[in-house]
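Asks: These are the residues of each chain, in order.
There are 2 protein chains.
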Amino acid sequence: MRTTREVRVVRRPEGGLRESDLEVVETAVPALRDGQVLVRTTHHSVDAAVRLRLDPVSPPGYLPAFELGAGIEGLAVGTVLESRADGFAVGDLVQHARGYRELAVVEARGAALGGAGMLARLDPTLAPPQVHVGLLGGTGLTAWAGIVAVARAQPGETVWVSAAAGAVGSVAAQLARARGCRVVGSAGGPEKVAYLLDHLHLDAAFDYRAGLTAGLETAAPDGVDVYFDNVGGDHLAAALDHLRPFGRVALCGAIAGYDTEPAPGPHNLFQATSKNLTLQGFRAGAHAARADEARAELAGLWRDGRLRLDVASYAGLDLAPRAIVDLLAGRTRGKCVVETTEPADGD
Amino acid sequence: MRTTREVRVVRRPEGGLRESDLEVVETAVPALRDGQVLVRTTHHSVDAAVRLRLDPVSPPGYLPAFELGAGIEGLAVGTVLESRADGFAVGDLVQHARGYRELAVVEARGAALGGAGMLARLDPTLAPPQVHVGLLGGTGLTAWAGIVAVARAQPGETVWVSAAAGAVGSVAAQLARARGCRVVGSAGGPEKVAYLLDHLHLDAAFDYRAGLTAGLETAAPDGVDVYFDNVGGDHLAAALDHLRPFGRVALCGAIAGYDTEPAPGPHNLFQATSKNLTLQGFRAGAHAARADEARAELAGLWRDGRLRLDVASYAGLDLAPRAIVDLLAGRTRGKCVVETTEPADGD
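So the sequences go chain by chain: A and B.
The opening residue of the first sequence carries number 1 in the UniProt record's numbering; numbering runs sequentially from there.
The opening residue of the second sequence carries number 1 in the UniProt record's numbering; numbering runs sequentially from there.
If you are wondering where the hints come from, they were derived from the structure by calculation, not from laboratory data.
Glycine included, C-beta positions come from ideal geometry on N, C-alpha and C.
Treat the hints with care, as some may be off.
Claimed, not checked - With the C-beta cut set under 8 Å, the calculated list includes, among others, these residues of chain B facing chain A: (1) Pro64; (2) Thr218; (3) Gly265; (4) Ala286; (5) Ala312; (6) Gly316.
To be verified - A few chain A positions that, by computed beta-carbon distances, are all more than 10 Å from chain B: (7) Thr27; (8) Gly35; (9) Thr42; (10) Asp55; (11) Ala65; (12) Glu67; (13) Glu107; (14) Arg152; (15) Arg179; (16) Gly265; (17) Ala315; (18) Leu319; (19) Arg322.
Whenever a hint applies, use it, and build me the whole structure from the sequences.
Replies: This is how it looks when you write it as structure tokens:
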């Protein structure tokens, strides 16, 4: 019988996740049934949302919590090894939602984002697999949904992106800039700020640890039209004070609250009423109908060298627990990926 | 020289407003200049937002704070006594923003809501003045903007309106019901709840003092699609937990925070991201382009007996300070109005 290795939950984290809360174990690969494909996964997307499913109950709107002792899952990219599903052939490049295992049996139902196995064929001529897993995957689609579909950022507007050195943030910031906005990025520490200015070429950047309000006022003295929120808490409160009338906030999630207590809500939400502001929470899956449009724009900018997404790569599934912990602790820059390129046992 | 009486600020309130913070004084009426009209005001709208202008600095997006010792202002309805402005004739029924004085000199510039004097002719065939000041005035236009333009409530959806026994809340709730929604109202105390059920004929109602979350879950066991927020704080947090995916919140302002400290922000704003929720702050002035459409719908429902707005009427300008204090303390039901129908001295 064919075997693979997968990441499992040993115990539920108490407070911050520790590597020892997870383990990598060998397990049997079941035989394919009709409607399924077997994928050799090469690139596993490490996303903060996996932390939400490690709690006993995941928040409403998210997939259910992982069972204790069972394997975890995440978005991933790989190549079809066997297929018993219409529309999928051996050798196809695909994305699916059964990452964190080298060989994955995936249901072909629900090809669109949000479906069961979330299996979908990818266009290998658009970009190589490592670009599909991040820039053209959940990371890029989330950034695109927030800037284009949710915030509707217009040329000439000022856009503030928090956690702009992170994966989603860095794509959102560059995308807004490519669309003609003036873009301000914030991050923690002078090294990340230098990265925003020197490598992502944002119009302005500041270190929130050196003073959030002062940094924002200096970088955007005339206020901001759009705030792309990756942080919540004090950042969102500063945005509410600093948004112009009819400003928009794209609420992308507050990674700061995933591994600890949620950040307190903004004390100044009354600004939304007085300034006619819109705060819209969103997940990429809700905008799946525009995924092809998004991928085409992102891939075009990537080919033109106007959009980059650095990858923090961890080689081999054994490093997956460390990759997740590093991501949640803010120790990674750009897209966090676990690569499992070596052939699995017996293939 | 013609005189009138007006309400002035004696001292800035410390914490809750007291009647003695305001006074009613006799003052001269200046001669009309070109572009101005003289209005005998008969109905003064008492709105919670007046409290915001009594602080030393009013919030961004609002009109400036009132000067110490100067007259206060508010939306009002009256009849033109003299006119030196094109488009306004003696006898015209008008609204303007120079309420809290019996005779008002009003600039004709900026006829649309949001303009300087906010002077606008009203259609007397639509409804009598006491309906124009509330149901077809700022109260009704705010309710309409929140339900129709902001929340886009659809037939069959479940709508929760907080402070539903208040002026804006009661119109919002009845309007949503007239548009085919299932409407849940909340208020403080069993008397108000009985009013919501027996007089406004809402589908369900609950007393938040007897248990906010339990009341909401009983009244709307399948969740809500739209929350019309007049309260903020714990009400908004309960809504975020109870909204269905893609739900909308119309943030109409949080009267609870005007006279005291602002309510804390919701601790669970992450629900907006996980459930793709939209929170949109709004003021009626931002939707002035649709005011005629709104007034026509509201007046039609009023004539058909499907929309009522009880009026808490205070007779004479001397009672204006008490009316404002009562409104802020939650002691009024429906629309709070000061009526000054007797002719001013010398006319």
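Asks: All hints, please: hold or fail.
Replies: Evaluation of the provided hints:
A least Cβ separation of about 13 Å between Pro64(B) and chain A goes past the 8 Å threshold, and the interface hint is therefore violated. The closest approach between the C-beta of Thr218(B) and any C-beta of chain A is roughly 19 Å, which is over the 8 Å cut-off, so the hint fails. At a threshold of 8 Å, the smallest CB-CB gap from Gly265(B) to chain A is about 3 Å, leaving the interface hint in force. Look at Ala286(B): its Cβ gets to within about 5 Å of chain A, closer than 8 Å, so that hint holds up.
Interface hint at Ala312(B): violated, since its Cβ lies 23 Å from the closest Cβ of chain A, which is beyond the 8 Å cut-off. At a threshold of 8 Å, the smallest CB-CB gap from Gly316(B) to chain A is about 32 Å, leaving the interface hint violated. A cut-off of 10 Å between C-beta atoms confirms that Thr27(A) is not in contact with chain B; the least separation is 30 Å. At roughly 27 Å, the least C-beta separation between Gly35(A) and chain B is larger than 10 Å, which holds for a residue marked as non-interface.
Against the 10 Å criterion, Thr42(A) stays outside the reach of chain B, whose nearest CB is about 29 Å from its own CB. Non-interface call for Asp55(A) relative to chain B: holds, since the shortest CB-CB distance, roughly 13 Å, exceeds 10 Å. Every C-beta of chain B lies more than 10 Å from that of Ala65(A), the closest at about 13 Å, which supports listing it as non-interface. With a least beta-carbon separation of about 20 Å from chain B, Glu67(A) lies farther than 10 Å from that chain, consistent with its non-interface assignment.
No Cβ of chain B comes within 10 Å of the Cβ of Glu107(A); the nearest lies about 23 Å off, and the non-interface call holds. Listed as a non-interface residue, Arg152(A) keeps its Cβ farther than 10 Å from every Cβ of chain B; the least gap is roughly 13 Å. The Cβ of Arg179(A) sits about 22 Å from the closest Cβ of chain B, beyond the 10 Å cut-off, so the non-interface label holds. Not every beta carbon of chain B lies more than 10 Å from that of Gly265(A), the smallest distance being close to 3 Å; the non-interface claim is violated.
No Cβ of chain B comes within 10 Å of the Cβ of Ala315(A); the nearest lies about 32 Å off, and the non-interface call holds. The beta carbon of Leu319(A) sits about 28 Å from the closest Cβ of chain B, which is more than 10 Å, so the claim that it is off the interface holds. Every beta carbon of chain B lies more than 10 Å from that of Arg322(A), the smallest distance being close to 26 Å; the non-interface claim holds.
Going down the numbered hints, you'll see the structure goes against 1, 2, 5, 6 and 16, while the others check out.
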